[in-house]
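Residue numbers (our numbering), protein chains in the order written: chain A, 1 to 153; chain B, 1 to 338.
Read the hints as simulated data drawn from the structure, not as lab findings. Every value quoted in this text rests on a predicted model; they were computed, and no experiment measured them. Each residue gets a CB set at the ideal place from its N, CA and C atoms; glycine is no exception. Hints are not guaranteed to be accurate.
Covered by chain A, per the in silico footprint, the following chain B stretches (three or more residues, Cβ under 8 Å) [as the list claims (entries may be wrong)]:
| no. | region |
| --- | --- |
| 1 | 61 to 69 |
| 2 | 118 to 131 |
| 3 | 219 to 233 |
| 4 | 284 to 295 |
Below are the DSSO-like pairs computed for lysine-lysine, each with C-alpha atoms no more than 30 Å apart in a straight line [as the list claims (entries may be wrong)]:
| no. | chain 1 | residue 1 | chain 2 | residue 2 |
| --- | --- | --- | --- | --- |
| 5 | B | Lys155 | A | Lys50 |
| 6 | A | Lys50 | B | Lys271 |
| 7 | B | Lys155 | A | Lys65 |
| 8 | A | Lys72 | A | Lys95 |
| 9 | A | Lys38 | B | Lys106 |
| 10 | A | Lys50 | A | Lys134 |
| 11 | B | Lys157 | B | Lys97 |
| 12 | B | Lys178 | B | Lys155 |
| 13 | B | Lys45 | B | Lys106 |
| 14 | A | Lys95 | B | Lys45 |
| 15 | A | Lys65 | B | Lys74 |
| 16 | B | Lys106 | A | Lys72 |
| 17 | A | Lys72 | A | Lys50 |
| 18 | B | Lys106 | B | Lys28 |
| 19 | B | Lys178 | B | Lys30 |
| 20 | B | Lys155 | A | Lys38 |
| 21 | B | Lys189 | A | Lys95 |
Partial pick of chain B residues on the chain A-facing surface, computed with a CB cut under 10 Å [stated by the list, open to error]:
| no. | residue |
| --- | --- |
| 22 | Lys28 |
| 23 | Arg32 |
| 24 | Lys97 |
| 25 | Glu270 |
| 26 | Lys271 |
| 27 | Pro274 |
| 28 | Thr300 |
| 29 | Tyr304 |
| 30 | Asn307 |
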Amino acid sequence: MKLVFINLALVLSLFMNSFEDSFINTQETELTIVGNVKSVPTDMDLEQLKSVLKGERLRWDDGSKVVIALMKTDTPIGLTTSKRLFNMTGNQVNKHFLALVFQGKVKAPTFFDSADELEAFVAHTPGAIGVLRKVNDAQLNTILVVKSKSDQD
Amino acid sequence: MRRIDRILVIIISCFFCLSFCNDIVAQKTKIRGFVDVSAFFQDDKLNFGIGEYDLFITSELNDHISFLGETVFKYDPSSSTEFSVGVERVIINYNYKGNHSLLAGKHHTPINYWNDTYHHGRVFFPTIGRPLLFSAHIIPIHTTGLALQGLNLGKLKFGYNLMVGNGIGSNEITDNDKYKSITAAVHIKPLENLQIGASFYNDIISEGVELYGTVLDEQVNQQLYSGSVAYFGNRFEVLAEGTLVNNSTDSEGDVQSFASYLYAGVYIKEKWVPYFRLDYLNFQDGDPYLGNNDTSSIITGLRYEINYLMVIKLEYQYEDRDITGIENRISVQFAIGF
Numbered sequence: 001m002k003l004v005f006i007n008l009a010l011v012l013s014l015f016m017n018s019f020e021d022s023f024i025n026t027q028e029t030e031l032t033i034v035g036n037v038k039s040v041p042t043d044m045d046l047e048q049l050k051s052v053l054k055g056e057r058l059r060w061d062d063g064s065k066v067v068i069a070l071m072k073t074d075t076p077i078g079l080t081t082s083k084r085l086f087n088m089t090g091n092q093v094n095k096h097f098l099a100l101v102f103q104g105k106v107k108a109p110t111f112f113d114s115a116d117e118l119e120a121f122v123a124h125t126p127g128a129i130g131v132l133r134k135v136n137d138a139q140l141n142t143i144l145v146v147k148s149k150s151d152q153d
Numbered sequence: 001m002r003r004i005d006r007i008l009v010i011i012i013s014c015f016f017c018l019s020f021c022n023d024i025v026a027q028k029t030k031i032r033g034f035v036d037v038s039a040f041f042q043d044d045k046l047n048f049g050i051g052e053y054d055l056f057i058t059s060e061l062n063d064h065i066s067f068l069g070e071t072v073f074k075y076d077p078s079s080s081t082e083f084s085v086g087v088e089r090v091i092i093n094y095n096y097k098g099n100h101s102l103l104a105g106k107h108h109t110p111i112n113y114w115n116d117t118y119h120h121g122r123v124f125f126p127t128i129g130r131p132l133l134f135s136a137h138i139i140p141i142h143t144t145g146l147a148l149q150g151l152n153l154g155k156l157k158f159g160y161n162l163m164v165g166n167g168i169g170s171n172e173i174t175d176n177d178k179y180k181s182i183t184a185a186v187h188i189k190p191l192e193n194l195q196i197g198a199s200f201y202n203d204i205i206s207e208g209v210e211l212y213g214t215v216l217d218e219q220v221n222q223q224l225y226s227g228s229v230a231y232f233g234n235r236f237e238v239l240a241e242g243t244l245v246n247n248s249t250d251s252e253g254d255v256q257s258f259a260s261y262l263y264a265g266v267y268i269k270e271k272w273v274p275y276f277r278l279d280y281l282n283f284q285d286g287d288p289y290l291g292n293n294d295t296s297s298i299i300t301g302l303r304y305e306i307n308y309l310m311v312i313k314l315e316y317q318y319e320d321r322d323i324t325g326i327e328n329r330i331s332v333q334f335a336i337g338f
């Protein structure tokens, strides 16, 4: 199945609250957002992306379920994802999702040990969106995530 | 059957018929649990204990319907086994569109932030125990019924709960009277990690109902007005909630009580959180079932979060009650999720 890939190259520390600075690694990191072609939109701004990954959106515009795929938070990419996209430590990301599941407000993301497994899961799961460091499939489309107005302020 | 009951039955039937028309997917069931062990020193005596043993199950039945169950095993001196089983939540969730869902079953009444967030998972509690407004029976902790729920809507991430249930005095199977409880709750999240909410609860409690050892000798019209502010960031946490209770009877008229608490904590390192909580309960004479036991309490504590599944808390609590007087207690709790 063809994937739509959204490349994300950001210095996310620019967008972080000053209160949280001590928890942020300021090193620039390139992250790649992967989405199943069936339902995941081909572009979204950073705030929308963060909101989706935090479990705040249950369904895509076509009605299919949002399925979140993440690398385990103790892997290097999982750790970077936690810091850059969640503004949290890996432990805080796990706590965030356990709490939401316990409240009955979201289904837990599927966590992976390997990027290949994550990529295959997203490719075969309608509505799935995930985060990787790089794309292994050269045939894939790439789209830049745009800054939203609130990010630029 | 009254008209509103008929309408509710039709709505439920339609939703579930529609949902079963969707493709069936493989069932995904997960079982988790929460428990804690604790110790406290009071009246020159050290005591050890175990807390609630919470079994938590979720299951996806198809693309739109999921199940959530929370069952608690806890010490009960009246039981022959010294333990009782409490079904705390049984919720069938039908996510019918976007972030909107219909929920049926037994719920924690979404009347305030604490009750709708922490449930029985002590590992999530910012303090060892619940705020005193819970043990003072200020709020109806559970409601069995139907709820419409919306989450994270629009830029303010607006959320709502509209719940109709059996009401106070009922059991899990039948309503004890013709009156339904109504809960309406709304919240917004204007900033990251900040949630501001308000709720309204209305019920008519029938004459003859026994509440916390008191048999009501007349009907009580009850309204609860609650508000909350919660901020849980990476550096500091604040949670403040208040509930105004208006119990109205023919003989006493409107009798109002107020309960509130303020919690605040600061991360001094990633895993260490010193915190405090202030509780304040104020009752008015003549309430039909809430005893007039004005209470104030101060808690100071230290929380160490080993990881998201293991938390240790050490607390000192000073409590001053009008009737039972002053109590001091030092407690420690090790709460886990598994």
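Now the hints, each set against the structure:
Under the rule that three or more residues need a Cβ within less than 8 Å of chain A, the assignment of the region 61 to 69 of chain B holds, with 3 such residues. Note: the region 118 to 131 of chain B has 3 residues with beta-carbon separation from chain A under 8 Å; the three-residue rule is met and the coverage holds. Coverage of the region 219 to 233 of chain B by chain A is violated [criterion: at least 3 residues with CB-CB distance below 8 Å; count 1]. Coverage of the region 284 to 295 of chain B by chain A is violated [criterion: at least 3 residues with CB-CB distance below 8 Å; count 0].
A distance of roughly 13 Å separates the Cα atoms of Lys155 (chain B) and Lys50 (chain A); the hinted pair therefore holds under the 30 Å criterion. Distance restraint check for Lys50 (chain A) and Lys271 (chain B): the Cα-Cα separation of roughly 24 Å lies within the 30 Å cut-off, and the hinted pair is therefore satisfied. Our distance criterion of 30 Å between C-alpha atoms is met by Lys155 (chain B) and Lys65 (chain A), whose separation comes to about 21 Å. Restraint check for Lys72 (chain A) and Lys95 (chain A): satisfied, since their Cα atoms lie roughly 13 Å apart, inside the 30 Å limit.
Our distance criterion of 30 Å between C-alpha atoms is broken by Lys38 (chain A) and Lys106 (chain B), whose separation comes to about 36 Å. Annotation: proposed proximity of Lys50 (chain A) to Lys134 (chain A) holds, straight-line Cα distance about 19 Å (limit 30 Å). With a CA separation close to 16 Å, the supplied pair Lys157 (chain B) and Lys97 (chain B) stays within the 30 Å bound. The straight-line distance between the Cα atoms of Lys178 (chain B) and Lys155 (chain B) is roughly 40 Å, outside the 30 Å bound, and the hint therefore fails.
Simply put, Lys45 (chain B) and Lys106 (chain B) have alpha-carbon atoms about 39 Å apart, too far for the 30 Å limit, and the pair is violated. Proximity of Lys95 (chain A) to Lys45 (chain B) is assessed by CA-CA distance (about 35 Å); at most 30 Å being required, the pair is judged violated. The suggested pairing of Lys65 (chain A) with Lys74 (chain B) is violated, with an alpha-carbon distance near 37 Å, which exceeds 30 Å. Among the hinted pairs, Lys106 (chain B) with Lys72 (chain A) is inconsistent with the structure: their alpha-carbon atoms are about 34 Å apart, more than 30 Å.
At roughly 17 Å between alpha-carbon atoms, Lys72 (chain A) and Lys50 (chain A) fall within 30 Å of each other, so this suggested pair holds. Taken as a hint, the Lys106 (chain B) and Lys28 (chain B) pair is honoured in the structure, with Cα atoms around 21 Å apart against an allowance of 30 Å. With a C-alpha separation of about 37 Å, the suggested pairing of Lys178 (chain B) with Lys30 (chain B) is violated against the 30 Å cut-off. Between Lys155 (chain B) and Lys38 (chain A), the direct Cα distance comes to roughly 26 Å. Compliance with the 30 Å bound is thereby established for this hinted pair.
In summary, the hint linking Lys189 (chain B) to Lys95 (chain A) is supported, as the alpha carbons are separated by about 19 Å, within the 30 Å threshold. Hint status for Lys28 (chain B) relative to chain A: holds, with the closest Cβ pair at about 9 Å, below 10 Å. At about 8 Å, the closest approach between the beta carbon of Arg32 (chain B) and any beta carbon in chain A falls short of 10 Å, and the interface hint on this residue holds. With 10 Å as the threshold, the beta carbon of Lys97 (chain B) comes within range of chain A, its nearest partner Cβ sitting at about 7 Å, so the hint holds.
Because the beta carbon of Glu270 (chain B) sits about 7 Å from the nearest beta carbon in chain A, less than 10 Å, this interface hint is met. Hint on Lys271 (chain B) holds. Least Cβ distance to chain A is approximately 8 Å, under the 10 Å limit. Here the hint on Pro274 (chain B) is broken, as its CB sits about 17 Å from the closest CB of chain A, past 10 Å. Checking Thr300 (chain B) against chain A by beta carbon gives a least distance of about 23 Å; that is not within 10 Å, so the hint is violated.
Because the closest C-beta pair between Tyr304 (chain B) and chain A is about 13 Å apart, greater than 10 Å, the hint is violated. Because the beta carbon of Asn307 (chain B) sits about 5 Å from the nearest beta carbon in chain A, less than 10 Å, this interface hint is met.
This entry does not satisfy hints 3, 4, 9, 12, 13, 14, 15, 16, 19, 27, 28 and 29, going by the numbered hints stated previously.
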